[in-house]
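Asks: Residues per chain, in single letters:
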Amino acid sequence: MSVCLLCRRLTRSKLDALLRAACKLSSQSSSARADSAPAASTPAVDEETVKHLERLSLVDFANKRGVARLEEAIRFANRLDEVDTTDVEPLVSVLEDEVLYLREDKVTEKNDVKVVLSTAVVTEEDFYVAPPGNIPLVVRDLSELK
Amino acid sequence: MLSTSIQSVAKQLKNSKISASELCDASLKQIEKTKSLNAFITVTSDVALKQAKESDQRFLNGMTRGDLDGIPIAIKDNFCTQGILTSCGSNMLSNFLPPYDATVVSRLRDAGTVMVGKCNLDEFAMGSGTVDSIYGPTKNIWGSNIPYDVTYKPNHKMSSSKPKVDPEDWRIAGGSSGGSAVAVASGSCFAALGSDTGGSTRNPAAYCGVVGFKPSYGLVSRHGLIPLVNSMDVPGIIARSVEDVTLVLNAIAGPDVNDSTTLKRKYEKVSLDEGVNLLGLRIGIPKEYQNTAIDAEIVDILKKTASIFKECGANVTEVSLPHTPYSITCYSVLNQCEVASNMARYDGLRFGIRGDVTISTEQLYAETRSRGFNEVVRSRILSGNYFLLKRNYEKYFVKALKVRRLIKNDFDSLWDSNFDILLTPTTLSHAPKISEFKQYDNQTQCVTQDYCTQPANMAGTYNTALMVHDSFQKFNNWFCVFVLGIPAITVPVGLSREGLPLGLQLMAPVFHENALLRTALWLQQAVNFPQLKLKV
Amino acid sequence: MVIMGYGRCLSFIFHFKSSLKQISNCYRFFSATPEWEPVVGLEIHAQIQSSSKLFSGADTNFQTPTNRSVALFDAAFPGTLPVLNRRCVEAGTLTALALSCDLNQVSTFDRKHYFYSDLPAGYQITQHRFPLAQNGLLNFIVYKGGSDSRLYEKTSQIHQIQLEQDSGRSLHDEIRSLVDLNRAGLPLMELVFKPDLSDGEEAAALVKELILVLTRLGTCSCKMEEGALRVDANVSVHRRNSPLGTRTEIKNIGAIRAVANAVDYEIDRQIRVLQCGKEVVNETRSWDAERMRTVPMRDKEEKQDYRYMPEPNLPPLHLRLTNDQPMHSNMVDVTQLINKVPESPFQMRVRFQKDYGLSLLQAVRLVSEDMLLPLFFNAMNMKQDRDAVILTDLLLNDVLSYFNEDDSCNVVFKADDMGTITDMMKDGVISKSIARIILKELSQSPALSAKEVMEKNNLSLICDPAIIERLCRSVTQENANMLKKHLAGKKDSTKVLETKVWKKSEGRANMNLVKEWFKTNYPFSKK
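Protein chains in written order, with full-length UniProt numbering: chain A, 1 to 146; chain B, 1 to 536; chain C, 1 to 527.
Just chain A, with the same shape it has in the complex:
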């Protein structure tokens, strides 16, 4: 609370300076944590999980930068543990009380195959083209992360 009041009295430029300082702090050590802020647990993402995630995501981001961002995201998400949600019903859809619309069983969309294929870079005789089968991805060696 007192921190709030203090900050409010600061002028804009001083506030900017504070923010910049905060930024420096954060970039120096991402695990630095204020005493007043509740501690979120440090996430441990092992190599196995990273490889697995990469195979599920296929974004070629199982590298240092990617893992750093992932860990940051997890750390932030862990803060949810602080909220007591005993006996609370998850809110899955804001439309949970609405009744799903049903359409009549009619053919309403007849597309020219040329239209459907118009946006594909590679096609072959009215087919979409993909490389052979589903050969498992070879994920690069992640030892550089250590």
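A hint or two may mislead.
[Unchecked claim] Result set (DSBU-like, lysine-lysine): computed pairs, CA atoms no more than 35 Å apart in a straight line:
id, chain 1, residue 1, chain 2, residue 2
1, A, Lys114, B, Lys50
2, A, Lys106, B, Lys266
3, B, Lys264, A, Lys51
4, C, Lys340, A, Lys110
5, B, Lys390, C, Lys194
6, B, Lys433, A, Lys64
7, C, Lys340, B, Lys395
8, A, Lys114, B, Lys438
9, C, Lys223, A, Lys110
10, B, Lys433, B, Lys157
11, B, Lys390, A, Lys110
12, A, Lys114, B, Lys53
13, C, Lys354, C, Lys278
14, B, Lys264, C, Lys112
15, C, Lys112, B, Lys395
The hints are simulated quantities; they were obtained by calculation from the structure and are not laboratory data.
Once you've looked at the hints, dock chains B and C against the given chain A.
Replies: Below, chains B and C without anything else, positioned relative to chain A:
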């Protein structure tokens, strides 16, 4: 003429003082003049001129389609426009010519509008600066080196404060609908469509001194809006006045059989004629917004606005939304999960760019996606998949859904105690300089900008919120109000000392567009925000 | 055609012969080792019979050329959204009712994520957590061949029924896959059965019964050759009194016989693996019909986490289950739909035995013959005390073959005629062979009635003693030598002579009377 309201220009069209083609011409010239702001990805001059001609024909025959007939508008580049590049600011869709129109696009066309271009945005609407687009950043017209005047009506008194111009360190437009906001603010069009997932329409509107409106989730069709987060996205409307916003809303709102998340109840057009009765209007100001990181000027203007409401008979009280400290976290989890899912379709086989790999499908996908998506997108996909893993689902996804319920309960208790409107800041400050914005990792930028506007999107949507560095949390008590698909609007209320726009946000219960827009109109009339006009 | 398969199958088994031996020879291994207990559970994908797809308005025709039944949503074009087809909900609901399931008043859709070239969105929309229906069952009859053949009733429990999208199809070769999305988005009902079966015959029998139920309901064509019904089988084995073994999944079995073969092969394979001291790997396999074996389908190392997530573009699906629930235009009214559920094959079999006195076997066979049922019921309704057993026998063993051979469905029989023939056989007016002649005549001249054919061709049984006398006498006269031998006590030739009388009378002589005559006039006495 380009800075006037839709209604007044519609009168001129009707009285043949100008033609739609002339209006269109003027718009296109304005776009050319303001090219350096980079508000547009594609200028659709051919289409626009054709549509303008058709509009002229209708005026000749006396068969016009209403006040929007012949009016130049712009569309954010994540709405599908048939045969016209729809890129989402991303390399992935840099070759995408959709084979269909978004519902809101075709409704606007049916209303007779003239589409002058597709606007720039943060890649896939992830961001709050419109700096993360492959087409380059969009610059705010305010504080730019394009000469303009700022004058107060009705006596055309010039504004005394003018921001310092530094062409190297320009002001950001906000995001992710920055292009749309700048297009409207600079007079290149009369209204523009944005999208609002985490404040993406209201944030840039506030920075650019225009009105930004996020309708209730379920009111406006998302068919053809390339989704970021399906449970949160809403087509947003940006215009220079509440009246203009309302005109556009009435043209696009209403059930759509192509979108199962639109309510299938008949849409009753919003009418501003009756105005709002302030006597007894209960306005709440959530105290959690009184955040240390908020600029004093915003707090000041918020207080002043509260007083204006009070003086005119409204009942203004401080309220509390206690779970707001966790809204961003909740939001970030759900957002990243949806992103991971929604982006799974981008593999290069049927649309979008395609990698060159031919060895295996998975390798092709990985190459396509790493080339097509920037780091923000890719990191969210990775995180989202982490939270959706079987072993993590309960701990993160379901937990976030429960916190969301708690936040909804916070809001419901307010509405149940007969609060009609909530008043909050829209942003923490006026538009930051690009240098200020860039210091932070993209992650923290969004959080800083979004915390005020996030709640309006909460209704079942998860902001593309980013992680916050803990040290920031020390200085800034981040409270975000989670709104549950409720409508929200930002109205420009004044200028900062440096001469940049400041906006405030109003929120109402879901589907209370009438009350919200009427109150917003009242506020707009009460504050007399100055007009920005390009020097000839 | 597929319905015929069941009846045809049983009828050839019942005519014994080589086919039976063939089956029992191949797969007797495991049944000979009682220490192993196989556990089999089926997951069946049934394509809902509808005009348009589950979430889009593209058509569902089987014969469409490549990529011509593809809505933009089916190809996962950005910005397109799912809109649920009412007919599919009705079909799923009807099926759930027919299989005695509990319908969920509210059900939701989920996304099941994995990458595959024929899955455009990178996820399939299905119902994982809150499906349309749960906890049902299917009763069916199993026939087991071999030395101690038996016919018994079996029940398999249904875990859940869910609505989901089908994926597209890809043709693979060494250098690329060609993808056709015509099938992407077709509506499927997945019926997940509990692992309460024990071998291939039970699995095949379940599938046959399900086909009967679904085709009668009209919710699925069940044309396996068109991919309208596909069976996945989960198979494991364990030693008696031991915990369950590791299971494998055999995917996309596309024929009833293949279901039995694949399951039995896999049981046997797993037993052999375990007997060698090795372990059964939890993997997906497919059935190689040419080489009659299961082969591994996917990479063994692949760990799949489908990351099920609620589908945000589809609010919950509501059904109107009771009369005190308010009706909504977007609800499927189950209180009305329940009247459209026809009598189940199970109920019909019970009725056949109880009300008509048919044997279990006759009931089992008759129930699956769509073409015969109207004839049976109408004939029985015309005359309540008609002999149902004779009628059924006539239909199954003589009439059925006409339908089976007739591809163009031109053959028409009238229930009235079936009844008449039955009555005449019952009263001894005609013999079975005459009945066959009449049927043949009717098949070619459908305008005639059985009585007319009888009269036209003078087909009634000859019972007049005078005529019998005359016939027998003339035969004995023509075959004097044989008669001499018979009288001399060297050979009992009456049977041969009786047959000659039968031939001479063109099958019309009442053979009981002929026998009587020979017994009376020329008793055989061995000397």
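Asks: Run the structure past the numbered hints and jot down the numbers of the failing ones, going up.
Replies: The structure breaks hints 3, 7, 8, 11, 13; every other hint is satisfied.
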